[in-house]
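**Student:** Now for the letters of each chain:
Number of protein chains: 2
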Amino acid sequence: MKIVLASKSPRRKELLGLLDLEFQIITADIDETMDSALPVTDEVARISYQKAAAVASGLSDDAVIISADTIVELDGILMGKPKDKTDAARMLKSLSGRNHNVHTAVTVLTKEKSISKTVTTKVHFRKLTDKEISDYINTGEPMDKAGAYGIQGRASKFVSGIEGDYFNVVGLPVCTLSLMLKEFDIN
Amino acid sequence: MKIVLASKSPRRKELLGLLDLEFQIITADIDETMDSALPVTDEVARISYQKAAAVASGLSDDAVIISADTIVELDGILMGKPKDKTDAARMLKSLSGRNHNVHTAVTVLTKEKSISKTVTTKVHFRKLTDKEISDYINTGEPMDKAGAYGIQGRASKFVSGIEGDYFNVVGLPVCTLSLMLKEFDIN
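Residue numbers (the working numbering), protein chains in the order written: chain A, 22 to 208; chain B, 22 to 208.
In isolation and in its complexed conformation, chain A is listed as follows:
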């Protein structure tokens, strides 16, 4: 059996490492555009599934592929990775002093079956000053992250609390994934 992580994210690599599994990373580019007319929890699961399916064809029959996709949602408005610094500032300004949801879908796919689950965590940001936002953007940290922040990095000081799985906000719901892997007899 060969475990494959279909994600470029260094955070997901680190979190999967917490499960003490040996795995390799194989990724493929897919169209990550979501249909905003459909429920976000379904769309994030569809994108996660497609990331796994896109690498499956080149792999041996005993491969177990793990993939995930994360999106930030504020009052029904979706936030992926920011396009540029202006976009990052716009996102962080809208998150300031409010609650938002982080949806991460995780997929486990083998030749026989596939399971995708979406986990949602509520995140509360304290009020941010314009200077805090511009200082944070100048660190470069927001640019490759959904919603323009990394809770595990310098944005830790912006988050007064969460409700749900912290690791889901980082990009991989570790507890949910560990239970899904049991369904595939992986411990």
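None of these hints come from the bench; they were simulated from the model. Hints may be right or wrong, so weigh each one.
Pairs involving identical chains hold if they fit within one copy or between any two copies, as the list cannot separate such chains.
[Unchecked claim] Heads up, simulated DSS-like pairs for lysine-lysine below, C-alpha to C-alpha not over 25 Å straight-line: (1) LYS152 to LYS203; (2) LYS114 to LYS203; (3) LYS114 to LYS102; (4) LYS114 to LYS143; (5) LYS114 to LYS29; (6) LYS132 to LYS23; (7) LYS148 to LYS203; (8) LYS104 to LYS34; (9) LYS106 to LYS148.
We have chain A; now place chain B onto it with these hints.
**Tutor:** Below, chain B alone, put in the same frame as chain A:
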């Protein structure tokens, strides 16, 4: 101005590093015994304060000392670091499938004033099997941690969700501390 972290914990060192401050580590041993007749949120603040006060006398007048103390509480029963493997197994078994509270007090102390705040986070553990508990203990990870687990390590898969500040469970409430430091004109 010289910032001092009065803690031996490598996790607290890493979390304070997220605030982009330069600091050094100076610690002193104190009696960390809590009085179970007093409110735990007060006792953890008292221990945290004493950790800071114990190193203050040897430092220059411009020193800013940061310290913290963390305790796990399950239905009024307090859990510090486990004494041995048997004690760790007892703690993890009692946490399995239930909610508990993690209280961390953080102190900022200067020559002029001192502020201590206690932050509480509710943590939910999924049901653990005996094998999961013994496998986890055999990694050695539980032994230096309150409640016998590290949420940021291999126990991540045991935690289905939290309510409150994640970093408070790791050992330092980063958001609260960042606001306290503003009161000392440290940004």
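**Student:** Now tell me, hint by hint, if it's right for this structure.
**Tutor:** Structure-based check of each hint:
1. Taking identical chains as interchangeable, the C-alpha atoms of LYS152 and LYS203 lie at most 25 Å apart only when they sit on different chains, with a minimum of 14 Å there against 46 Å within one chain.
2. Proximity of LYS114 to LYS203 under the C-alpha cut-off of 25 Å is restricted to the inter-copy arrangement: shortest distance 20 Å between copies versus 41 Å within a copy.
3. In the homo-oligomer, the alpha carbons of LYS114 and LYS102 lie at most 25 Å apart inside one protomer (15 Å), although the nearest pairing across protomers, at 41 Å, exceeds that limit.
4. Taking the closest pair of Cα atoms, LYS114 and LYS143 come within 25 Å of each other only inside a single copy of the chain (17 Å); across copies the shortest separation is 28 Å, beyond that limit.
5. In this assembly of identical chains, LYS114 and LYS29 lie within 25 Å of each other by CA distance neither inside one copy nor across copies; the values are 27 Å within and 37 Å between.
6. Taking the shortest Cα distances, LYS132 and LYS23 sit within 25 Å of each other inside one copy (12 Å), while across copies they are farther apart (59 Å).
7. Proximity of LYS148 and LYS203 under a CA criterion of 25 Å is satisfied inter-copy only: 14 Å between copies versus 41 Å inside one chain copy.
8. For the homomeric pair LYS104 and LYS34, the shortest alpha-carbon distance inside one copy (24 Å) is at most 25 Å, but the shortest distance between copies (33 Å) is not.
9. For the homomeric pair LYS106 and LYS148, the shortest alpha-carbon distance inside one copy (20 Å) is at most 25 Å, but the shortest distance between copies (44 Å) is not.
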